[in-house]
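Asker: When we follow the numbering used here, the leftmost residue of the sequence shown carries the number 34, and every step to the right adds one.
In case anyone wonders, no lab produced these hints; they're calculated from the structure. All C-beta atoms in this analysis are idealised placements derived from N, C-alpha and C, irrespective of residue type, glycine included. A portion of the hints provided could be inaccurate.
Distance windows between CB atoms, simulated [as the list claims (entries may be wrong)]:
hint, residue 1, residue 2, range
1, Leu51, Val206, 46 to 52 Å
2, Ser134, Val261, 31 to 37 Å
3, Arg215, Ala45, 52 to 58 Å
4, Leu51, Phe297, 21 to 27 Å
5, Leu268, Ala173, 25 to 31 Å
6, Thr260, Val206, 17 to 23 Å
7, Leu146, Leu286, 30 to 36 Å
8, Val185, Asp43, 35 to 41 Å
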Amino acid sequence: MSRSWSDFFDFAETADLLSYGFVQQALLATALLGILGGVLGPMVVSRQMAFAVHGTAELTFTGAAAALLLGISVNLGGLIGAVIASVIFGLLGNRVRERDSVIGVVMAFGLGLGVLFIALYGRTGTGFNLLTGQVVTAGAQGVEAVVITTVVVVIVMAIIYRPLLFASTDPRVAEARGVPMRLLSVVFAVLLGAAVAQSVQIIGALLVMSLIITPAAAAMRVSSNPTVVLGLSILFAEIAAIAGIILSLAPGLPPSVFVTSISFAIYMVCRVVGARRSHNAGRRTSAPDTDRTLAKS
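Whole structure, please, built from the sequences with the hints as guidance.
Answerer: This is the structure:
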């Protein structure tokens, strides 16, 4: 079915689709994913764990594929796969210099198992859906799972935020002062795994970083204040998530296309804004130095 540009601006069709319950559930689910991504993203970027998010997402696919083969809940299988992967990454990859290699080794093995499980299951289309997401089929149970995950993640992050921020920004000093580095690493990894597992069910394993990494990276381009970065990260993630769903309705295209495009656009704008602010700050800093030099001469 071919589409014209007018389909993208068919607001009457969009309004009509927004009245359906499954669309409203999809909006709620993605809005909650925006909160999850916005809350966890800054710490992920600070701790240089972008590759860990990708690895966890891929191993969520492995867990979900195993669940399909065993005839159990795909959501539960994905969650188990994500949490196991996150704990492994947190325990074995605590040091930055060895983290990427650990993730690469585990992810490659896990993906191989995932492909095997899908092949044994016999329905490759289902495996493709796990990679690209099925936001419009989130359903009441899917929304409930995302709600529970969001509440748990927000509460635990509120408890561990300060020591985790300390451990993320200055790990050597934090360790010297007795901050439980490994425990924090594992707890955060489990929270991240749970968030990624829910995201995979909605937007797919290949596109999780559009709500967890990109908004936080964009926010860090325009501010260095942790509180401001956290607020902007949540805002950017919400804009990408909700607008992505709404824009996809009339043309009938996958929401992930719009979610990732909006996230990328926000990031590029923030890069430009951040570069201009740095340039202006450099000019203001150099001006007094020039004045002092001229005065001395």
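Asker: Hints first: check each against the structure and report whether it holds.
Answerer: Here is how each hint holds up against the structure:
1. Leu51 x Val206: 46 to 52 Å: holds (50 Å)
2. Ser134 x Val261: 31 to 37 Å: holds (34 Å)
3. Arg215 x Ala45: 52 to 58 Å: holds (56 Å)
4. Leu51 x Phe297: 21 to 27 Å: The hinted range 21 to 27 Å holds for leucine 51 and phenylalanine 297, with Cβ atoms some 25 Å apart.
5. Leu268 x Ala173: 25 to 31 Å: Holds - the Cβ-Cβ distance for leucine 268 and alanine 173, about 27 Å, lies within 25 to 31 Å.
6. Thr260 x Val206: 17 to 23 Å: Once the Cβ atoms are compared, 21 Å apart, the range 17 to 23 Å for valine 206 and threonine 260 holds.
7. Leu146 x Leu286: 30 to 36 Å: At roughly 32 Å between Cβ atoms, leucine 286 and leucine 146 fall inside 30 to 36 Å, so the hint holds.
8. Val185 x Asp43: 35 to 41 Å: holds (39 Å)
Of the numbered hints listed earlier, not one is contradicted by the structure.
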